[in-house]
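Trainee: Once you've looked at the hints, dock chain B against the given chain A.
Taken in order, these protein sequences are the chains called A and B. Residues in the first sequence are numbered consecutively from 1, following the numbering used here. Residues in the second sequence are numbered consecutively from 699, following the numbering used here.
Rather than coming from a laboratory, the hints here were simulated on the basis of the structure. Glycine residues also receive a C-beta, built at the ideal position from the N, C-alpha and C atoms. You may find that some hints are simply not true.
Restricting the straight-line Cα-Cα distance to at most 20 Å, the calculated cross-link-like pairs of lysine-lysine (PhoX-like) are [unchecked claim]:
hint: 1; chain 1: B; residue 1: 903; chain 2: A; residue 2: 418
hint: 2; chain 1: B; residue 1: 716; chain 2: A; residue 2: 418
hint: 3; chain 1: B; residue 1: 728; chain 2: B; residue 2: 1147
hint: 4; chain 1: B; residue 1: 1137; chain 2: B; residue 2: 1147
hint: 5; chain 1: A; residue 1: 418; chain 2: B; residue 2: 900
hint: 6; chain 1: A; residue 1: 479; chain 2: A; residue 2: 513
hint: 7; chain 1: B; residue 1: 824; chain 2: B; residue 2: 723
hint: 8; chain 1: B; residue 1: 1149; chain 2: B; residue 2: 1137
hint: 9; chain 1: B; residue 1: 838; chain 2: B; residue 2: 867
Which stretches of chain B does chain A cover? Using the computed rule of at least three CB atoms under 8 Å from a CB of chain A, they are [to be verified]:
hint: 10; segment: 703 to 712
hint: 11; segment: 737 to 743
hint: 12; segment: 783 to 789
Listed here are the chains, written in short residue letters.
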Amino acid sequence: MSKQDAERLLQQALRSPAAQFRDGQWEAIDALVNQRKKLLVVQRTGWGKSSVYFIATRLLRDKGFGPTIIISPLLALMRNQIEAAERLGIRAITMNSTNSKQNAELTRKVLSDQIDCLLISPERLANERFAEEVLEPIAERIGLLVVDEAHCISDWGHDFRPDYRRLLNILRQMPPNMPVLGTTATANDRVIQDVVDQLGDIEVMRGPLVRESLALQTTTLPDQASRLAWLAQTIPTLNGAGIVYVLTKRDAEQVKEWLVSQGIDAQAYYSGIEDENFNDTNEYREHLEDLLLNNRLKVLVATPALGMGYDKPDLTYVFHYQAPGSIVAYYQQVGRAGRGIDQSFGVLLSGTEDEQIHDFFRRSAFPSEKQVNLLLATLEDSDGFSVPKLQELLNLRQGQIEKVLKFLSVESPAPIYKDGSNWVRTAVPYQLDHDKIARLTAQREVEWREIGEYIDTEGCLMEYLRNALDDPHSQPCGKCANCLDEPIFPESVDRTRVITAAQFIKQSELIFKPRIQVAAGAFPQYGFRGNLPPELRASEGRILSRWADAGWGGMVEEDKHNGFFRDELVEATAEMISLRWRPTPEPLWVTCVPSLNHPDLVPHFAQRLAEKLGLPFCPVITKVLDNRPQKFQNNRFHQCRNLDGVFSIEEGIPEGPVLLVDDVIDSGWTVTVLAALLRQQSGGEVYPVALASSATGD
Amino acid sequence: MLTAHTQAVLLLTAYFSKASSTGVKPLSNKEWGRFALWLNSKKLKPEDLLSGSLVQSLDGWSDDKITLERIEALLNRGSALALAVEKWSRAGLWIVTRADADYPRKLKTRLGNMAPPLFFGCGNRKLLNQGGIAAVGSRKTSEAELLYSKQLGSKAAGEGLSIVSGGAKGVDEAAMLGALDAEGTAVGILANELLRASTSGKYRKHLLANNLVLISPFHPEAGFNAGNAMQRNKYIYCLSDAAIAVHSGTKGGTWEGVLENIRQQWVPVWVKQTDDPGAGNAALVEKGAKLLSADIEAVDFKALAGDASLVSNGVGSDMFSQSHVMEPTPEVGKAEENLPAPALGVESVTGQSKTGPSLDSQSVEQERGNITDDTDASGLDRSTGDRVDSVATADVSQISLYEHFLLILASEATQSPKTVDELLELTQLYKTQLNAWLKQAEEQSKIEKLKRPVRYQWITTTQEELL
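Isolated chain B, as found in the complex:
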């Protein structure tokens, strides 16, 4: 039986049938974030809306998009919820909400309020908080790439690391099955048809053996949808400790995903070296991804996540550099050793010069140094997203300008939201710079944009935890 909390979140945010009938639209992640924040400010829990007078409970709530009528109609979908949930749980699916201990913590810290309010899932939910190596790549790819993906999976398994992937045909599936067939573990974050995948012959035995968890934030019977697939990519990166793109086109899901990750600085992302002229791998490296050896034997998993990110970050001259000066994880305490590497920010874990066209030997040395300093696997679990908490206590001299900006927001815009003019006054920034950073902070769910008048409110960690 679901808790009233889960029921309330489902009622407000989930679709209950494939073809959404004429009914009202469930709240989007963003809308839910907004509404949940307000509820929290009123000391209300979502489940409180399931009893007593809704009009009374929601007194004072006013939002153009999220009207009282919409909330009421969503909450009155009880029978639809029961029919759908009975069907899904009969098939062995479960639901985790942000309030559940098994909800992936990395998603909350990295995405803030943009993390989905709930996931449908099947299999061993404990795997959701164990991190792992994200393996992504094209659906259509060569036999050689598939073999590489499979070996990647089995090698990760050998080192006790989970493979985090999207369960799509091609690279995703090969890497996951590679890990599972080697008795390793895998986390699949699906964009469509979770229900069917959970009963498929290929995954069933691994689910039964507790080696696999499949989750999806979407309706478990939803068909393929490019938008959902793109959104899902975020979660693959954010749930992992480091990502490997085996093969990318020059556009499409993998390409966009890698770029987004570079932009957002979630995890170190590595792109396999390839001779395929149609591949976008090399271009991604130019944009800030790191080059991974095509020789699977030479890949050192423990180093992928390590502090490698420090070396390549923040130095590129591309359009993203401005927005991600946000830098080392402060609690690492090795800032001095890990000075940002100059120049290209392209490097190879293997240190073999032939694998990288523009390899910087200094950064390789640097990287090796890190590996020897920090060889235990726990390095993988160190979440770059812990920044939100740690930033407040960090030494100002060690943090980026953007993070400094966040600090100001945290101290000034927590109690009461601030207008753009007030923030200009406070920060003494140029308006364009301020707007750029506000936008970035909003995207990362550090702040909430309020309307009429436009104001910005800092989202505190405590609120996130509560929700």
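One chain only, chain A, in its complex shape:
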């Protein structure tokens, strides 16, 4: 296959008779198709890597090879890419959600060789069932393997991603005659070298990372209220759509709510986000990506879950509400702005909580030795256990168990192996690699310090980024806030707006979703099993704050330690209930969760709240068993089991809907069980209400 022939395909794909290959495109195609080599292409977003793999796919298919597999964190190919592929006669599809209705049909198409290009996520690749049902049957014919965001397979990549670790182990087994294309727009020398070291025989093609239209600025605003105010005053001054990056899901929701309250068309985006109008999270996320892509949304408030592979040529701005963990991550995210337009902006706001959040991320990146040993010891003398069984045997959170399992299962060789739904111990001796964990943690600390230096640097910001990424072509950009020697956007914020934002933060209550499915065999006394019937379920509730947060949470923490919740919290809670929540049918009375350790704390609070709301307070629940604190129960089985037979409800309780008050809600099982017990007697709605949530999210 010659360059001319390939170039004709390019023209066909782009529907442009004058189109010519960009630097490196033909060389990459030639290396893959004609020489069957392995290639790592480091090129900026928009260079045209999809042209490379689509043309290579066409050529390989014509030679009789099977489909191309693209491993990408993208949820789907961009529509314009699919259209370009179709013009080459390439049928490209994505398979991502396990339960997706179309899966059976797509699987059939893949197996009957009607698909030329299959895009899957690294998670999908690691999914045993998918591997067995879809991948293995076609694996003997796969013509080309493409790994998008290939920097993730390096330990030095900006994040530890277990599924990329698995991918790396697969790539390491690829024989010399199997063509592999790795692509990344962000990788410094160390990362590239690491990828080369890990994969051995791979050729590197590297182009400049320059982003000419992007103007950068860094602004430190310690408190969240000021940063919210800054966003609300800055975003409306810009034409076009953009992204605000935040670090946590909770921040995504909060910032989105704030912007919407300020009349800005915003949506939140993070992994697992759901919407009632969409079947699953992937479908909804794709919808959000489409909205932004088509400028039908002013701003998407996103965690780093939005990013890799997302390609919108006319993105006007990328603002960071909180600082990301590394320069690589920052460049990755800010680099999405303004590829195809003359002017775009990247502003990094930073605040006091950033450090704390990253410290938490670093500390929780790896499972503890104790958890690892506990799990391995449990599997040691068995022929394997399922995750629910492990929850029963180990008092660890489901998330912790899954994290340990994932972490251990991608080691190679691994001490555990998944056989059907059971996890079994392999005959591989195992010792947690402390040195490696220490090395990676130290590396992340260094990366975090680099972000600090970026924020403080007085030199050109773009040059700093490019130097950090070992871009040999780096020079002052002439358009960042430092080059101009004045901020692009004012750093001062309007006082009244800051006050409004501060009030908003204090009204950022959380919605409590009651639990429904009880753990098997956990309630021999109460007799609950399976899904609680609707007539026993709690209604949706409200939680005033997040434990120790910048809103009311700090006050809740302080007061809980002092043994008395001040009236300010009573008023805030009453306001939340009667002004914003307004549950219907209206509650007619108030009761509370009893405690043997702090017998008065919650009743005092609940009583004052009832007075404020003008409702009777009836403490009808008593604790008949002194169980272990619920906060030490780490997963559903233990949380349920610990509550069985613990409470009793007085005879003859009032009729009608009731507010069930607690101070801090963690797993939510206590109020769920109490709601069921209350409803067994009276049948009225039970509305849980609490001062703070300490839930970790799993």
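Mentor: Just chain B, lined up with the frame of chain A:
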């Protein structure tokens, strides 16, 4: 990471998924032998096929079964290989090919090109070359037989000998666990589900303690298949120094395995005495196996392999005798003491006349003599399969007619293959005899049968080593 050599051999010979899809068939042991020989003659290594032009590399290769298209399709299974090998190595499995030092040498010498191109394995691979006592027997058997098997294992362990077995339920598992629980070592050659066995509670701790190695030439997730189980039996015998069949039916795997071993003369095979009327043990003894005492205390392991084989070999009047006149291991240098025993060739290591129905006292004496002469355990490691090398230098007067025939083949059919007519001329044999011996030599991978026209080529040891 696998070497390119291992990758190439895997691509050409291994299945990568349980349900082999529509894809091409990997090369069988025989086909691989044929292809590997050709590669070697062209000074090509299998890994050379993974780079450059395949058409150029394979210029001159022509084979009805192993077409260029088939080879190309096999080699293009790179992704399937990577997915499968990642999964298997994650679970702690490894792969040995014939080029690896840990590949069981006894298999190469005893089976020649019929030895599998590779094994999947788990555990201590150093055990693969330490020989041992093969323990085989029925899956379904009595408690007493199981106990005997277990004691057999623990007794072998006490004497520093490995148990070589198939890991199947029944006798296999009992003997292996008997050895392992006594802190001995065992080699399990599995016909199915290596992956599951390697993560099973019963074997895991022994694998972790380096006392056990489990290997299989088949897909590590393959289910049970009678054909595979039979093929696997060969490897159990060939990897051991002596074999004990604890219990055999009158047909089936154990029965066939013992007979095959008698036919092929791999190792001395002993059959435990039993009162079970349904057992085939006694019949096997009539066919040339040796009788082993039912009293475990009386079994002398060191004597099982020793030179006992000399006593019973080659004398039976059954159908196999003709094909196995191939006799003493020449390098032993005790040929005079070890004259073939006359008559029945049935004997007992214990020498207690009550244990054997037709015990020949002379052979017992003979046997005892051997034991006292050669009491060190190293006798177990002496491979009868070293014959291939030693035959060329042996004194013609001491070797069998068949071995003499092999010598002729080695000297005449190494440089260029010979047709049947040429060989008739050379050997002056009757055609039926020639064909019988050619067939035997081919089965033992001494020679390669080439087609169009039919010719026979001697397979040299150097070639084997290289591959």
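Trainee: Look at each hint and say if it fits the structure.
Mentor: We went through each hint and held it up to the structure:
1. B/903 to A/418: 18 Å, holds
2. B/716 to A/418: Judged against 20 Å, a Cα distance of about 17 Å means the pair holds.
3. B/728 to B/1147: 11 Å, holds
4. B/1137 to B/1147: 9 Å, holds
5. A/418 to B/900: Answer holds: residue 418 of chain A to residue 900 of chain B is near 18 Å, not above 20 Å.
6. A/479 to A/513: 48 Å, violated
7. B/824 to B/723: 31 Å, violated
8. B/1149 to B/1137: Holds. Residue 1149 of chain B to residue 1137 of chain B sits at ~15 Å (cutoff 20 Å).
9. B/838 to B/867: Roughly 8 Å separates the two Cα atoms, so the pair holds.
10. 703 to 712: holds (count 3)
11. 737 to 743: As far as the segment 737 to 743 of chain B goes, the hint is violated, because 0 residues have Cβ atoms under 8 Å from chain A.
12. 783 to 789: holds (count 6)
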